[in-house]
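Since the structure of chain A is already known, use the hints to place chain B on it.
Protein sequences appear in the order of chains A and B.
Here this note's numbering is used: the first residue of the first sequence is 1030, the next is one more, and so on.
Here this note's numbering is used: the first residue of the second sequence is 1030, the next is one more, and so on.
What the hints contain is simulated information worked out from the structure, not anything from laboratory work.
All figures in this text were calculated on a predicted structure; none of them were measured in a lab.
Please note that the accuracy of each hint is not assured.
The list cannot tell twin chains apart, which means a pair is met if one copy fits it or any two copies do.
Below, a list of computed lysine-lysine pairs in the BS3-like style, where the Cα atoms sit at most 27 angstroms apart [unchecked claim]:
hint, residue 1, residue 2
1, K1259, K1156
2, K1071, K1240
3, K1156, K1071
4, K1181, K1258
5, K1071, K1111
6, K1240, K1157
7, K1156, K1240
2 protein chains.
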Amino acid sequence: MKQNIYDNNTFFRKYEEIRSRENNYNNLLEQPNFFTLLPPVKNKVILDIGCGMGDFAAYCIGQGAKSVTGIDISSNMIAHAKKRHVHECLTFEQCAFEDLTVPNGTIDFISSSLAFHYIADFQLLIKKIRTALSEGGILLFSLEHPIVTANKENENWVTDQEGNILHFAVDNYHNEGLRTQNWLVDNVVMYHRTMSTILNTLIENGLQIEKILEPIPTEEAVSKLPSLKKEFRRPSFLIIRASKS
Amino acid sequence: MKQNIYDNNTFFRKYEEIRSRENNYNNLLEQPNFFTLLPPVKNKVILDIGCGMGDFAAYCIGQGAKSVTGIDISSNMIAHAKKRHVHECLTFEQCAFEDLTVPNGTIDFISSSLAFHYIADFQLLIKKIRTALSEGGILLFSLEHPIVTANKENENWVTDQEGNILHFAVDNYHNEGLRTQNWLVDNVVMYHRTMSTILNTLIENGLQIEKILEPIPTEEAVSKLPSLKKEFRRPSFLIIRASKS
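Isolated chain A (complex conformation) (with noise of 0.2 angstroms):
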């Protein structure tokens, strides 16, 4: 199933408006920690996955990476993302990674920002990336934590009468698959994955974990959004860097 809620105009338009704040989980949690992460772009050939509004691309171009490819599923993304940024070595193009073909071995870099929780078949995903990648390359992506997804249809934390926030409610965690959650609109639709599933098939298909993220906020990021501080109760993001040997 390829989802595309962000052709959602409702979806959008929100999405859009809590994008353009400055101070939200992405700006001040998961982007801080993926780009400490990021290894050297020059002269790299970079895939991004799930591009979004093509920032990130446009950094690694910025950074003098040798061409850079963002997809995404959504009509509006790349029609944004061919808006704001134009480049010579740079592409945009609207595509599911379930029908997107790269010549074997010719990425060095493929990144991913919150894209692969609304994937369906991580076996395919992470085949396809391992193939993508030249030897040597780089995976980099995050995306939500297995401790969030396993029981998003429901409300997480809990809370007692004052609404004081007791803990954050685990459930299915075994339970694979599809979640629904109600953000922005009601019934977008994403996909719970345990820790083992997801490490495993990295590890299956080649590629080597060099390292974890489970980000937490600076004191910095807190004092600009203090809802921030319930990061550090658990975790809402997980990002992964790895490589193909």
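Showing chain B alone in chain A's frame:
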């Protein structure tokens, strides 16, 4: 801090009672999964950390291991191990891992079942393991899952008024370190570490992650011990195999 709870006689008596039951979490869940990741042991030099009553060490001898050393901080355990298993290639030693000295690069396989969460300095532990392992040597260990240890000081299964389980409570995930719990006796001390700390410590010490298990019980196991059904809701254990590269 070197905890030696197994030399608390009340604890040890209760522990023996649980382990003597055929249907416990170790026999039905942790051990069968642990064994699926066992490397070939024939002609290997093996160290078992937290060897308990020595059954695993003796099993390896039975499988043709060259030599097996079992260490445990508990004199109770070592006394039992020595009584239960005698073989010229089998050594049991009462010893905290912190005090262990092993010639560098001499151990082919280091195993440890449900002991590492009692050890305060994980960084030192893994560093010593890396030094002790031969090139290509294997580390296989199990420990309590970070989802479980995060909130260990509290009752983590949340139930409704009829006692039906609603979910599992996670909290304090990023607050690593000491936890106390009341398991068999009051105030058993253990250490919570995040998934990323555990995995990155291995990687940073030159150990390559080969496989991760978050065990789920078989149908047969659930029929023998119905409480194992809860394991589908959140994992109790984490089992990791890594190799020195």
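Tested hints:
no.	hint	verdict
1	K1259 with K1156	neither (35 angstroms within a copy, 32 angstroms between copies)
2	K1071 with K1240	within (21 angstroms within a copy, 33 angstroms between copies)
3	K1156 with K1071	within (26 angstroms within a copy, 34 angstroms between copies)
4	K1181 with K1258	both (20 angstroms within a copy, 20 angstroms between copies)
5	K1071 with K1111	within (22 angstroms within a copy, 61 angstroms between copies)
6	K1240 with K1157	both (21 angstroms within a copy, 21 angstroms between copies)
7	K1156 with K1240	both (20 angstroms within a copy, 17 angstroms between copies)
The structure fails to meet hint 1 from the earlier list, while all remaining hints are met.
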